[in-house]
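A.B. asks: Knowing the structure of chain U, use the given hints to seat chain R on it.
Number of protein chains: 2
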Amino acid sequence: MKKGIIIIGAGAAGIGFGVALKDLEYDDFLILESETIGNSFKNWPQETRFITPSFTSNGFGMPDLNAVSFSTSPAYSLGKERLAGKEYAQYLELVAKGYELPLLEHQKVNEIKKEDNRYQVYTDSKSFEAKYIIFAVGQYSTPDKSFGNIGIHYSEVQSWKQFTNEKQIVIGGNESGIDAALNLAKNGNKVNVYTQKSGLSAPDADPSIRLSPYTRQKFFALNANQRQNIKIHEKMELKRLTQQKNKYLLEFANGHLIEAKTEPILCTGFKNGAVKLQQNLFEEEEGTVLLNDYDESLKAQNIFLVGPDVRHQNAIFCYIYKFRQRFAVIIEEIAKRENLQIDKEKIAEYQKNSFYLANCNNCVVACDC
Amino acid sequence: MKKGIIIIGAGAAGIGFGVALKDLEYDDFLILESETIGNSFKNWPQETRFITPSFTSNGFGMPDLNAVSFSTSPAYSLGKERLAGKEYAQYLELVAKGYELPLLEHQKVNEIKKEDNRYQVYTDSKSFEAKYIIFAVGQYSTPDKSFGNIGIHYSEVQSWKQFTNEKQIVIGGNESGIDAALNLAKNGNKVNVYTQKSGLSAPDADPSIRLSPYTRQKFFALNANQRQNIKIHEKMELKRLTQQKNKYLLEFANGHLIEAKTEPILCTGFKNGAVKLQQNLFEEEEGTVLLNDYDESLKAQNIFLVGPDVRHQNAIFCYIYKFRQRFAVIIEEIAKRENLQIDKEKIAEYQKNSFYLANCNNCVVACDC
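Sequence order for the protein chains is U and R. For the record, in the first sequence the residue sitting at position 256 is 872 according to the working numbering, with numbers rising by one throughout. For the record, in the second sequence the residue sitting at position 277 is 893 according to the working numbering, with numbers rising by one throughout.
Derived from the structure by calculation, the hints contain no laboratory data. Heads up, a few of these hints could be off.
When chains are identical, the list treats them as one kind, so a pair holds in a single copy or across two.
As the list claims (entries may be wrong) - Subject to a maximum C-alpha distance of 25 Å in a straight line, what follows is the list of computed SDA-like cross-link-like pairs (lysine to any residue):
#  : residue 1 : residue 2
1  : Lys887    : Tyr642
2  : Lys777    : Asn845
3  : Lys887    : His769
4  : Lys960    : Ala974
5  : Lys761    : Lys813
6  : Lys968    : Tyr910
7  : Lys619    : Val945
8  : Lys834    : Ala700
9  : Lys851    : Glu879
10 : Lys834    : Leu710
11 : Lys638    : Glu709
12 : Lys658    : Phe836
13 : Lys658    : Lys834
14 : Lys702    : Lys834
15 : Lys968    : Cys934
16 : Lys915    : Ile932
Next comes chain U alone, as it looks inside the complex (with noise of 0.2 Å):
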């Protein structure tokens, strides 16, 4: 099947994508999705919720800060303002199907091959081919396990409820490990929290950093049993993570040494997922994929980032109201390349509405009180 664009993945990034392929009137793509509709969000534990509130605040400029177009609203479609992963899912279910996105599910692309300028996409059953590759593969399926296979990541969490009365190790102390913290505390579990530096002390205003407000308030609305079943201990980064028998050896940094009778909890964060699938396409330095100012791979052309691994400058844009801002900005690049006109009252409403950012030198989120 020969198409224009390619989008890889359907979850916020690449549908949100493809509204706006529609929007700005570009009917040449395809959405291949490995698994379903939203797979992460799906696969989020129970208990976790966006840490990001939904509000319908559409129409005055900015939208629900989790809507992946700006004419809908999660907070609208579902009646509420914090959502489960499941919930999200059946949010981006509701637009792909509003918006009529070109769609395939169960396509787990295998390999991508450069044939003069043109892509071949190959997934198990089937073969692609486009001029433009959007890689829009989020990080959830691919999280930072450094230790093998040993310890349990924060996405192989089904449920807080299956860990229950025990002493629990948490490594990490940003947005996850924190969250962990608090669920498994709830549950009457005992937590050590090891972490280089907690979210909770950062003095940051960028969410991205900074612990978000959400999990700040759930933290100190805990009851004091509960709270003192949390200690977080900072300065401590963990080297390496061993298994011996029935007992798990943790090794620090700084010399520290600690066993554990239960398997830690790694609250260690993802990888870019997109590097992570095709190093032959993308590369990074320092955890940041190199990209340049239209978010296309350095080491490919037509080749294009979309979602929370994208970072500019000091921009890190790893929540859906800052991803969402690029989508635009990409296609306008393309039209450019394609000598496509986009209808400029278009691009205007996308200004209006915050969702198209082209420079990042004013992204510095920094406030005064």
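C.D. replies: Coordinates of chain R only, in the frame set by chain U:
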């Protein structure tokens, strides 16, 4: 004391307008507050929270929904996304201090007279003079009590704990009515809500009409017992409320008569504060204050209205994230009349941060899904 501009009220609108003036480099102004900064917020029932969540989304064109300036975020100052009234008042105090706003507390304005194109403003102890007056008095201090002194208005409730284990009647089924019913049911009361139409069933996407996701979610999170204790009766418009010895008589437009032992709780909203306080300066039509395109009173030149009472065409500015978008528009108009230059780059910054809405043609809030 002579000033260019006097702002009446030091709530979200007054403080926000003051920051915008400072920001746009106009210093010849003074804020007069009848009580103290954020007084209305301090008077909220203890249990009341903002229905708009706070999140530090600043820096990406989408400042915190409850921020009065785009360089601040209550979620950042207070480390919470769900603020109580008293907490928000703290945030406003921080902002007033941070921006060194010229402000006098305990200056209740009794009279405003026009003399030779300038306004004389009289408080209990002082008099002031200004060419422009900005009314930022909000609504909270002018509750809509249509039945004389009978009925307890939402704004008169200090805490819902004062009502326990009784049958309660709530008049009004929108935001405050459902919030009242929720809190009463949680404290073991049986609640009958009488309303023309409940926000719970409104299909509109605009949170100024539809019940907010927060209140909706809280409603559906009640346990079965609590939920059963709330009965919502629609198409019941209260026409008369009278007290007879130790009972209350409610007469509805459809002819229904109800007797109650407890005093009904009126969640009947608020009147336009500025109109109520200064009938000689403002007039209204069908509940809407009559304003020109710059939010200037049609009845008095150089008298402007900011805050939740502002309406334009179909747009209802009753949220902070809405009404803050009018501050710079008004200041631009005043600057034009005074032949003052305003830094165009500053205005562009306001636009980029969704703090500038000159034209309300596109403010209709509609969500596809």
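A.B. asks: Run through the hints listed earlier and report the numbers of any the structure violates, in increasing order.
C.D. replies: Hint 1 alone not satisfied by this model.
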